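Last residue of the sequence shown: 669 (the working numbering), numbering continuous.
Source of the hints: derived by calculation from the structure; they are not laboratory data.
Because the structure is a prediction, the values reported are computed rather than measured.
Honestly, I wouldn't trust all of these hints.
Stated by the list, open to error - The list that follows gives simulated cross-link-like pairs (lysine-lysine, DSS-like), each with its CA atoms no further than 27 Å apart: (1) Lys609 with Lys628; (2) Lys429 with Lys628; (3) Lys666 with Lys429.
Unchecked claim - Simulated DEER-style distance windows between Cβ atoms: (4) Ser501 with Glu294: 56 to 62 Å; (5) Asn603 with Asn269: 38 to 44 Å; (6) Ala485 with Arg436: 54 to 60 Å; (7) Asp551 with Pro317: 36 to 42 Å; (8) Ala634 with Asp428: 26 to 32 Å; (9) Ala320 with Glu294: 40 to 46 Å; (10) Pro161 with Gln136: 17 to 23 Å; (11) Pro490 with Glu656: 18 to 24 Å; (12) Arg503 with Ser439: 45 to 51 Å; (13) Asn603 with Leu148: 39 to 45 Å; (14) Leu355 with Arg510: 43 to 49 Å; (15) Leu148 with Gln553: 17 to 23 Å.
Cβ atoms here follow ideal geometry from the backbone N, Cα and C, with glycine treated the same way.
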Amino acid sequence: MNPVPTASPDVLSFDGVPFNPVPITPTITPTTIPATVPSTPVRALPATAATPLAEVRAGLVAAHRAALAAQTAVQRRLLRDARTTTREAFPPAAGLPVARPVVAVTAAPEGAFKPLARTDIDRLDRTALDLLTRGQIPAVFGPAYQQLGANPDIRLANGSPLVLHSVSEIGLRDGALGLGGLRARYTGNPAAAAVQAGQVFALYAGLHLCFADAHLDSAAFATTATDPSTESELELIVTDIDLVPRPHLTAEVLCGGSSVPVSVTITENAGTVIGPGAGGTLDTWTGRVTATGEKALLNEFHMAHLARGDQGIALGPEFAHYTGIRATRVPTGGLLLVDRITDFGGTRGALDQQLTYRSEYDSPADSWYYADTANESMPHFVYMETSLQAALLMGYYLGPTLTEPHTTQSLRNLGGTATVLRRVDLRDKTITQTSRLLSTTLLPGSSLQSFDYTLAVDGEPFYQGETMFGYFSDEALANQTGLDAGRHRPTWLADHPGQGSTRRIDLDARRRNPDDRLCNRHTLALLDWIDVVEGGGAFGNGYLHALRRIDPQDWFFSRHFHLDPVIPGSLGVESVIQAMQEWAADTGLADDLADPVFSIPANIAFSWKYRGQFLPSDGTCELEVHIKTVTHSATGVVVTADASLWKPGLRIYELEDIAIELTERKAPA
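Taking the hints into account, I'd like the entire structure generated from these sequences.
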């Protein structure tokens with residue numbers, strides 16, 4: 001097959017990748033949500049119905065409740081311990097400030113639901129509940145829940161009598177399943193109490209913030225009747241919470257001697273537009289307020305649908321035919337790293353325009369990647385992903401793939417350059433992403449777009465770069481020549497047999513030491529071992545080599561992308577960084593530091609080039625790293641390197657001047 005024509009000789013070398021993914025049924029299976037019913041429906045069995053079946057059912061309910069209660073008790077104890085645990089820094093070197101104790105944060109697992117707003121409120125009295133019945137949600141949970149007068153119909157109890165007295169505990173990681181939960185006191189009907197508890201948690205998680213004009217659809221099913229005059233306690237355990245197909249949660253509520261299933265769905269009112277608007281421009285307010293107090297144009301609901309749902313909802317009816325098939329998408333789960341589009345002035349179909357647009361990403365301190373990285377703050381792959389996802393979003397919205405609407409086109413990043421401008425702790429910060437579309441080039445079966453971007457926090461830039469994306473048809477992805485025009489290029493190690501002594505770094509052994517904080521762990525444990533040739537490599541400063549088995553069940557394939565599984569290129573970069581970090585620690589570069597941490601050094605531009613991707617069927621990923629420089633200073637040490645990655649028989653990634661830094665941990669301000 002002929003190579004894909006491109007705008008430059010550099011891009012001509014990218015001829016695609018044979019697509020042979022693990023079979024995935026190309027359909028979207030939404031979570032089942034009960035039909036809309038009155039907010040407190042009750043189907044209670046008569047108290048006199050003492051049949052053998054009823055006795056068995058009652059026994060099962062009691063056993064289920066006991067099991068859930070036991071699990072919840074264990075979970076609550078673990079959470080309580082985590083919330084009260086403090087970490088003290090190692091003794092600092094002379095003259096360095098002493099770090100104050102830091103309260104440990106319970107990390108969210110990768111893929112956990114990310115609430116649309118956060119609050120420090122963890123209990124509610126009757127006054128707070130009364131405010132929620134009047135729709136005064138920001139007065140209870142704080143300004144992050146502000147909607148500037150939108151959603152007048154979002155109210156606790158939906159006009160029914162309020163049966164809850166108080167909420168004694170509420171938390172995002174509470175409950176036996178770790179998906180969230182609450183405890184409350186109530187008097188009256190257990191189904192009504194269960195529904196209202198579910199509504200409280202839905203508001204607490206900010207599900208209503210997706211829409212500007214919506215209402216709560218709630219349902220519960222109670223199997224026993226109780227004395228309506230008796231004050232009782234309930235416990236709500238969230239069993240599912242999601243934004244697709246509509247913001248919703250399901251839960252089990254233990255109350256009145258039974259387990260009551262409950263569901264709450266945020267449903268748009270009749271006539272409300274929930275997509276991006278009409279006329280080819282973003283002219284619709286979603287109801288979501290941005291971190292700067294402006295009205296969002298697209299929000300978390302649209303990002304979730306663009307990742308794995310209805311593309312017509314995400315980007316407009318022109319994209320609806322891409323739903324359920326392999327097409328351009330943003331990642332999902334813990335790899336979705338853009339939350340909102342806040343400013344966009346372009347018009348769909350005007351592909352020759354240059355335009356600037358802004359977006360936001362909230363980075364909570366409990367994000368999974370902070371817990372799993374060896375870095376002091378955010379790992380480098382998140383810097384890359386959040387900037388690249390922000391860049392491509394509105395370029396795709398303009399419609400380059402719509403010029404051939406019946407051709408399946410997949411998104412691939414081709415390369416770029418990026419520079420960290422300053423070190424910054426991004427925990428609990430909102431990252432503002434400013435992207436510029438520089439050019440769009442349409443080609444038969446493909447199109448190319450180039451961008452530049454800047455990330456900022458608190459109004460100050462900290463990361464900037466340029467990148468190019470391609471949208472490729474199946475035909476354009478039918479061949480692959482990689483970086484070397486189809487020729488096999490061996491690794492340095494294969495080309496220099498027996499040159500220098502080789503030692504192996506066993507990463508599993510290091511990870512088994514809980515006190516070694518310079519390890520990447522759990523979800524970010526991307527390598528198992530590294531072979532080191534001291535004095536080897538292209539620069540004579542050291543050479544690293546690793547081979548990783550690709551498991552089709554690896555977590556990232558279900559995240560990147562829906563129906564089009566490939567390893568994120570940024571995780572290939574991250575694996576190189578990890579090899580460098582492990583080498584630095586093993587070589588003793590941290591020995592002279594009292595409390596060493598890894599970070600991404602500032603003002604070192606690095607570049608990457610991708611000419612292919614790793615598929616679930618590839619079997620292995622091989623990498624090599626050539627240590628380029630090791631620079632010592634009064635504050636630590638900086639290491640730079642060049643690297644390459646191979647799929648079987650073909651080199652497809654090339655990195656230049658990738659860098660890591662070891663320094664003393666900074667004392668909190």
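Verification of the supplied hints:
1. Annotation: proposed proximity of lysine 609 to lysine 628 holds, straight-line Cα distance about 18 Å (limit 27 Å).
2. Under the criterion of a C-alpha separation no larger than 27 Å, the hint pairing lysine 429 with lysine 628 is inconsistent with the structure, at around 34 Å.
3. For the given pair, lysine 666 sits about 18 Å from lysine 429 by alpha-carbon distance, which is consistent with the 27 Å threshold.
4. Between serine 501 and glutamate 294 the beta carbons are some 60 Å apart, a value that agrees with the proposed interval 56 to 62 Å.
5. Taking the beta carbon of each, asparagine 603 and asparagine 269 are about 52 Å apart, not inside 38 to 44 Å as hinted.
6. Look at alanine 485 against arginine 436: about 32 Å separates their beta carbons, and that is not inside 54 to 60 Å.
7. Remark: the range hint 36 to 42 Å for aspartate 551 to proline 317 is upheld by a beta-carbon distance near 39 Å.
8. For alanine 634 paired with aspartate 428, a C-beta distance near 30 Å keeps the hint of 26 to 32 Å intact.
9. Distance hint check: the CB atoms of alanine 320 and glutamate 294 are about 28 Å apart, inconsistent with the given range 40 to 46 Å.
10. A beta carbon spacing of about 18 Å between proline 161 and glutamine 136 agrees with the range 17 to 23 Å that was offered as a hint.
11. For proline 490 and glutamate 656, the Cβ-Cβ distance of about 20 Å falls inside the hinted range of 18 to 24 Å, so the restraint holds.
12. Between arginine 503 and serine 439 the beta carbon distance is about 48 Å. The supplied range of 45 to 51 Å therefore holds.
13. Between asparagine 603 and leucine 148 the C-beta distance comes to about 40 Å, which sits within the given range of 39 to 45 Å.
14. A beta carbon spacing of about 47 Å between leucine 355 and arginine 510 agrees with the range 43 to 49 Å that was offered as a hint.
15. Our hint of 17 to 23 Å for leucine 148 and glutamine 553 is violated, since their Cβ atoms are close to 45 Å apart.
The structure fails to meet hints 2, 5, 6, 9 and 15 from the earlier list, while all remaining hints are met.
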